[in-house]
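If you read the protein sequences in the order shown, they are chains A and B.
Residue 753 in our numbering sits at position 753 of the first sequence; the count goes up by one each step and never skips.
Residue 154 in our numbering sits at position 154 of the second sequence; the count goes up by one each step and never skips.
Take these hints with a grain of salt, some might be off.
Label pairs and their in silico Cβ distance ranges [unchecked claim]: (1) A:Arg-83 to B:Val-27: 30 to 38 Å; (2) B:Thr-297 to A:Arg-83: 33 to 41 Å; (3) B:Ala-31 to A:Arg-645: 47 to 55 Å; (4) A:Arg-83 to B:Phe-39: 25 to 33 Å; (5) B:Asp-90 to A:Thr-498: 55 to 63 Å; (6) A:Thr-233 to B:Thr-33: 51 to 59 Å; (7) A:His-214 to B:Arg-41: 39 to 47 Å; (8) B:Ser-132 to A:Arg-645: 33 to 41 Å; (9) B:Glu-210 to A:Val-609: 48 to 56 Å; (10) A:Asp-570 to B:Ser-132: 52 to 60 Å; (11) A:His-214 to B:Glu-157: 17 to 25 Å; (12) B:Arg-41 to A:Arg-83: 26 to 34 Å; (13) A:His-214 to B:Asp-90: 36 to 44 Å.
Stretches of chain B that chain A covers, calculated by requiring three or more beta carbons in the stretch to come under 8 Å of a beta carbon on chain A [unchecked claim]: (14) 84 to 92; (15) 113 to 127.
Here are some chain A residues the structure puts well away from chain B; computed CB gaps all over 10 Å [stated by the list, open to error]: (16) Leu-305; (17) Pro-509; (18) Pro-537; (19) Glu-639; (20) Leu-800.
Just so you know, the hints here were simulated from the structure itself, not pulled from any lab data.
Think of the CB as a built atom: it goes at the ideal place given N, C-alpha and C, for glycine as much as any other residue.
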Amino acid sequence: MSAGALLWRAVSGGALAGQRGRVALAVGAIALGVALGFAVTLVNASAADELAAALRTVAGTADLQIRGPRNGFDENVYGRVARDPDVVTASPIVEVEARLEGHDEALRIYGIDAFRAAAVTPALIGIAPEPLDLLRPGRVFVSPAAARALAVAPGATIEVQSGLAALPLLVAGLLPAADAQRFGVMDIAAVQDAFARHGRLSRIDLRLRPGAPHASVAARLRAILPPGVTVATPAAHADDTVRLSRAYRVNLDALALVALFTGALLVYATQRLAVARRRASLALVRALGLTRRALVGYLVAEGALLGLVGAAFGLVAGYGMATIAVHALGGDLGAGYFRGVTPTLVVEVPVALAFVLLGVAVSVLASYLPAREEARTSLAAALKAGGRGSVVHAQRLPHVAWICVAAGVLATALPPVDDLPLAGFLAMALLLTGTLAALPWIAKTALAAVAVPRNVPAALAVTRLRATPAEAATSLAAIVAAVALMVAMAIMVASFRTSLTVWLDAVLPADVYLRAGAAGDSGYLSVDAQRRIAALPGVARVAFTRWQSVEVAPGSPRVTLLARDLADDDVARTLVLVAGPRPAAAEAPALWVSEAVADRTGWQPGDTVDLALGGGSYRFTVAGIFRDYARQHGALIVERRVYRRLTGDDVANEAAISLAPGDSAGTFAATLAQRMPEATRMAVTTPAALRALSLRIFDRTFAVTHALLAVAIAIGLAGLSSALAASIVSRRREFGALRHLGMTRRQIAAMLVVEGTVSSAVGLVTGFALGGALALILIHVVNRQSFHWSMDLAIPYALLATLAAALLAAAAATSLASARQALRHDAVSAVKDDW
Amino acid sequence: MSSRRRFITTVVATCFAAARGGARAEVTYPAVTPRPLDFPRDHGSHPQFRTEWWYITGWLRDEAPSAGEAPRDLGVQVTFFRHRSGVAEDSTSQFAPRQLLFAHAAIADPALGRLRHDQRAAREGFGLAQASEADTDVVIGDWSLRRAGTTYVAQVEARDFAFALDFEPRAPLLAQGDAGSSRKGPHPGEASYYYSHPQLAALGSVTIDEKTHAVRGRAWLDHEWASEFLAPTARGWDWTGINFDDGAALMAFVIRDTAGRAYWAGGTWRDATGRVTTLRTEDVRFEPQREWRSPRTGIGYPVAMRVVAGELTVDLVPLFDDQELDSRASVGAIYWEGAVRALRGDRRVGQGYLELTGYGGRLRI
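So here's chain B without its partners, still in its complex pose:
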C-alpha cells in the first residue's frame, strides 16, 4: 500500500473508530439530546459534534443512450463526512486540524460489473475545504455538495468518472427517529440527529470513460450528526433507504453485535398518503436471501435481503452483485453498498440502496 493510502487509511480509520463509544476523548463532544430540528440551520454543519455526514444515494438512467444501446441504469453515491478530530483545539493557526473533511463517491455501472469510486480528504481551511454552518454547503477542492434554493447540487471530479447532478425534493423532508433524534442503541448516548430527504428528482450528467451521459433518476439524502452513536460492541449494520414508485419511502436499519445478533433496529415508513410510522427494534428484520462472496476480499455479503418493517415486507435484489466498496483508502472500511430494486412478490415497487457493513471484521465507520 502506498504511503498516501497508508496515511489516509490510518488517520481516517482512527477518526471514525473514535466515533464509537469508549474512545479516549481529548475534548468534550456534545451529546445528542432530543430536540426539534431547526431549518435551514440544521441543513448546515454542526462542528461541535464529532461526526457528521451528508449521504446521497440514487438510481440514474441514461436519457439519450447511443444508437443501438438500451438505456442503462446506474447507481450513484456521494458522501461528505465531517469529523472533529479533537486535536489542536486551542491552536491559533489557520491550518489547525480541528475539522477534517472526507468525501467519497461511487458509480455502480452494470456494464462494468463493479464500482468505480474515489475519495478526497482534507483539513478545513483557506476555503479549500469547508462545511458551512448556515446551510448544506460542503466543499473539498473540486468536490462539493450544496443546497441552492431547495435543490441539492453535487459536483464530483473523480479519477475515472465525474458527475454534476441536481437533486430536487419532490416530497417533504423526513425526520427520523423521535422527531429527528434517532436512537442507535440501548444506552441514551447512543443516538444521532438524523433526517432524510427521500424522493429527490435527480437530473444532470455523468461522465464515464470520457463520455458524458445526460441522466435522470431518483435519489435519497441522509444528513446525520452525532458524537458517540455506536455501542463499543457494535460490529456493523444493515441499512436501506427505498423510494417507492408510488411516492412512499422506507428507511430501515439493524445494528449487529460482535456475535452477529441484531441488538438494535429502527426505521421509518411513510406511505403514499404521507402517513408516517416510526419503527422500533421489534418491528424491523433483515433476512438474508442470498450470499455473494467477493473474489477480492473473500468476504461474503447477503446481497439479497428480505426486509420486514412492521406491516411491510419487501425483497431487495441488487442491480448487480459486485457492489463491494473498498474504502480502506478513505473511510477505512470494506463494505457493500449497492443499488437495489425493491420487489413485492415479482413486482417492482421501488428502488433504493442497501448498505451492508461489518461483514469483513469489525466495522470502522
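Only chain A is shown next, with the shape it has when bound in the complex:
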C-alpha cells in the first residue's frame, strides 16, 4: 500500500464508512438543492427557448408589431399603417382563443391574410392540397402539435365555439410550423365572420424597408394609432410573457438555495462528527509529519467528494424532476404563464456545470470550517483522543450577529429590484445568518434562565450545557434553520389560505355563475342571450361581466379590465378593498384597481387617470384598490354601464346570478338547459364549486413546498443527531469518569437525553421566533413584491403547537438513539481512552 493511500485511509476511510446513514443524508441534501435549482432553471430555459421558437413561428420576420386590447382595435388602422413609406409589408392578424367543443380547452386561431403573411410569417401559411382553402371560410390549418393533441388529420372536422353556437371547421391541411405550439390558422375574413370580430384586428405585423430606423418608424406610427394600441418589436411582447413568470421562478430558485443551505449545514454537522471520531488518527498522521495545511486539504477534498456525488445525483434527479414537471405541469411549472407550450428539455452544459460547482462549493465550505478548527487544536491535546477542553465561559453577542439582523430589518424596507423581491430574500438570508451567529449567545442566555434541577443526570446536563453554549449552538444550527423556514412557510401559507378564503367568500356573492364558454374567448353572451338569461324563471338578479384587456402604463403587459354590472352596495360587498372607496365625479367615472395595478402605476384612490378604451381615451377616478388573487398581472373594474356607453361593446362573457328564495342552483341549471338549448356551451358553476376548485389549486401549488419542508425538517433532525453524536464521541473520557463515580449507563443516557432535549428546546424556540420574523417578510415583502398580493397575518397556532411537540419528541428520541449508540463501549475502555 502506498503512503498516500495509507494516509487517505487514515484520514478518510473509516469515518465515511462509520456513518453511512448521515453521509447518505448529507449527499441527499446537496442533491436535493442541486436538483431543485437545476430543474427550475432547466424547465425555465427550455420554456424560454420554446417561447422564442414559438415567437419565430407566429411573429416570423416582423420588425415591428402593432397590438391592441383583447377584443382588438379598429381594422382601418391597417389601411393607414400599410401606406407608411417605410412599411414594406403590413400583415393584419385576428387572434381568437376558440373553445373546442367537448373540451374545456381552447385552440388559438390566427386569422391571416395569406397574401401578406406569406412575406412575414411563412410558418402560418398552411400546406394546402387545394390552395383556395387558404381563403375559404370554414377551413382551418392546424400546427402539427395541435393535430397530434386533437388527434385530427387533414380532412377531419373540429368544432369550436363561437358565441353560444358550435362552428364546424374542416381541417384543410397542416401548417409548416415545427415547434410544439398548438394553434390553427384561418383566413382573416373567415375569422371575422365566424367569431363576430368584424372591423377588429388583434395585431399587425410589419416588415420595414431595409435600413429604416425601427425606433423612428415606431414613433411615427404611434402618432396615427388610436389610444391603447401599441407598437413594439415582437421580442418586447415576448419579454412581457417571460417577465410574468419570473417572480414565480425566482421564488422557486430561492427555495432551491434554501435546500442547498440546509444541505451545507448537514455536511458541516457530518464532517464535524467525522472529525471528532477521527481525532486520534488525525492527530497521529499529523504527528507523523502531515502539515496542517495538508490536513485541511484532505478534509476539504473529502467534502468536495461528498458535494460532487451529491451534485451528480442532483443533476440526474433534477433532469428527472424537470421532465416530469414539464409533462405534468407545462413549461411554467403549473403557474399558467405559457399556454400551449410544452418545451423539450435542452440541457446546457455550462448551466449543469454551474450547479455541480455550486453543490461542491457549499460542501467544501461546510467541510472547511470543522477542518480548520481541527487543524488549529494543539497536537498534544488532540493525541489524547478527544481532549477538547475548550469550555468558553464568557459568550458575548458577536458583532456580526446584530449587524446582520439590523441590516436584515432595514432591507425589508427596500423596494423591489427590477420587479423582483431581492431585498426581501436578502433580508431573510441576513436574519437567518444573524440568528445562527447569535446562537451561542442565545443558548447561553436562555440556559442561564433554566433552573438547575434536583435530579442528578438532569442537573449535570443543564450545567454542562451552560458551560458550553458554543457547542450547543453548533449542534443547533441545522435545526434552527430548518424550523425557522418551516414555521415561516407554515405561517405564510396559512395567512394566504385564510385571506384567500375570505376573499373567495366576498367575491362570490351570487348563487350561480355562468360563463359563455369554459375556455378561450370565442364564447360570449349576446344582448339577446343576456335578456333571455335575465328572464329565466327563478332568476332574481343578474350581473353580467365583460372582459377586456387594457394597457395601464406604456410598454407594460396588459391587464384585465372587468366591466361589471354593479348595484349600489356591490362594491362594498364584493370587492375586498385595501384602500378607498372614494367618490367619483360623473365626468370621470369610478375605476377600481387591483393591488398589482396600483403597485405598477402608483395610482392612489382619488387620482384621476386616463385609460384607452375602445379606441378612445377616457378619464376615470381611481375609486379604490382591491385585493385580487385571481389575476396576478393586474385587473381593473369599471361599471359595465359606463363601459358600454364608452365603447358600444354590449356583449358579456360571464353572469353572476342571484336566485329567487327557494330556488337552487340545480333547479336553475335544469331551467337553463330547458329554455336555452345553447346552454350546453355555457359553463355553469356554483360558488361552492368555484371555492373548492380555487382552494384545491392553492393546496396543490403548495404541496411541493410542504414536501420540501418535510425534507428540511428531516435534515435538521439529522444535523442535530450528528451534532449530538459528535459531542458524545468527544466526551468519552467524561462518561468514563462518570461511570467510575458510580453513574449508571441509564443515568448517563438520561443525562444525554436531557441535554439533547433542552438544547433542542432552545433551538426550537429560536427557530419559531426566527420563523415568525421570516413569515412577516414572506407575507409583506416577498409575496407582495413578487405577486402583488397582500394578505392578512393568520397564525396556525394548533399546527405550530403540534409541530413543536413533535419536533421536541423527535429531538429527545434522536438524543436517546445517539446516546445508546455512543455508550456501547464499556466503562473501562472509556477511561482507557483518556489515560
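Knowing the structure of chain A, use the given hints to seat chain B on it.
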C-alpha cells in the same frame, strides 16, 4: 421554394386553372355574350366575371444614353390581373377575399440578356388593392395602372427595376373579335370581351441598377375579361400584337390542344388607312422558324415565328432569345413573352410582342 412563393404559386395557379372550363364553380359567373362595348365603363373592372386583365407591352428606347453608349432598345411589359375567387361571397368582412389582384412586370434588357421581373398579389380592400369599375384604375400597393384623360399611366416599383410611364393613344381603340366579343374556341361559352389599344406613344422613365433612363417608345394595351374562355383541352397559345411603323396594327393568336394542334385561331388586321379585317381560324397560322431552349427549364420555344394572317405574312424575330418568364411565383406559369421585331423580307416593318405559352406542360393561365 420559399413558403411565400409556394403560397402565391398555388393560390394563383388555382385561380387561373379555374378559368378554364370544367372547374367546380362555387358561384355563377356571367357568360360572355356578344354586346357592344360601352366606354368609359368597359375601361374599368368587371368584378362579376371570373378573370380580367390589363396588359401593356411595348418597346422603349433610351432618350439620352450615357456618353459612348449606343441608344438601346428595351422591352417592357406590365399586367394587372383581377380574379373573382368564388369564395367568401357572402362574407361581411372588409377582408373578404372575393376579388384577388395580381400584377406582373418585366423589363427585357439586351444588355442583361434575360428578363428582370417581379410581381404583386393581394386581396382587394382598404384601398390598398383595388380595381375601379368606372375606368381603368388598378392598384396594388405602390403598383398602379390608371387612365388619366385618355393616357394610361403605369407605376411600378419592383425588386430590381422601376418605371413610371405614360402611354398616350395615337390611334383609335381596336375592338377584337365580333365588335369586342372574341371567341376562343368552338363552344359558345369559350369567349372573352376583348379590346386593344395599339400604337400607344410611351414616354417616361425606367430605373435599372439605380440608374434612371428617360425613355420613349411604342406600346400596346390589351384589356380582356371572361369567365370560362379556354376549353379544357387547351394546352397553350401563341399570341402577338404588332405596331407597324406605318400605323397599321396586327393582333393574331392560335390556341393549341394537348396534341399541339392549333384548333382555334383569330386576329384582327387594321391597315394604315384604318380598314379592319377580322381574321378567323382558317386565316391565321404561326410557323416556327427557330427554336431556343431555356438553359434553366430545358423548355424549347419557337422564338422566331412566321405569322400568316390572311393576306399578310410577317417574320417575328426576338430582341434577344432569353425572354423566358418564370412566373411560377405569381401567375403560376413558365412561358416566353418577348419583344420582337416584325420583318417583311429583310426590312423591319414594325415591332411588338410575342407570347408563347404551354410549351413546358399544360398552360395554367
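Going through the hints against the structure:
| no. | hint | result |
| --- | --- | --- |
| 1 | A:Arg-83 to B:Val-27: 30 to 38 Å | holds, 31 Å |
| 2 | B:Thr-297 to A:Arg-83: 33 to 41 Å | holds, 38 Å |
| 3 | B:Ala-31 to A:Arg-645: 47 to 55 Å | holds, 53 Å |
| 4 | A:Arg-83 to B:Phe-39: 25 to 33 Å | holds, 31 Å |
| 5 | B:Asp-90 to A:Thr-498: 55 to 63 Å | holds, 57 Å |
| 6 | A:Thr-233 to B:Thr-33: 51 to 59 Å | holds, 56 Å |
| 7 | A:His-214 to B:Arg-41: 39 to 47 Å | holds, 46 Å |
| 8 | B:Ser-132 to A:Arg-645: 33 to 41 Å | holds, 40 Å |
| 9 | B:Glu-210 to A:Val-609: 48 to 56 Å | holds, 52 Å |
| 10 | A:Asp-570 to B:Ser-132: 52 to 60 Å | holds, 56 Å |
| 11 | A:His-214 to B:Glu-157: 17 to 25 Å | holds, 22 Å |
| 12 | B:Arg-41 to A:Arg-83: 26 to 34 Å | holds, 29 Å |
| 13 | A:His-214 to B:Asp-90: 36 to 44 Å | holds, 41 Å |
| 14 | 84 to 92 | holds (count 6) |
| 15 | 113 to 127 | holds (count 5) |
| 16 | Leu-305 | holds, 55 Å |
| 17 | Pro-509 | holds, 40 Å |
| 18 | Pro-537 | holds, 36 Å |
| 19 | Glu-639 | holds, 31 Å |
| 20 | Leu-800 | holds, 62 Å |
Consistency with the previously given hints is maintained throughout, with no hint failing.
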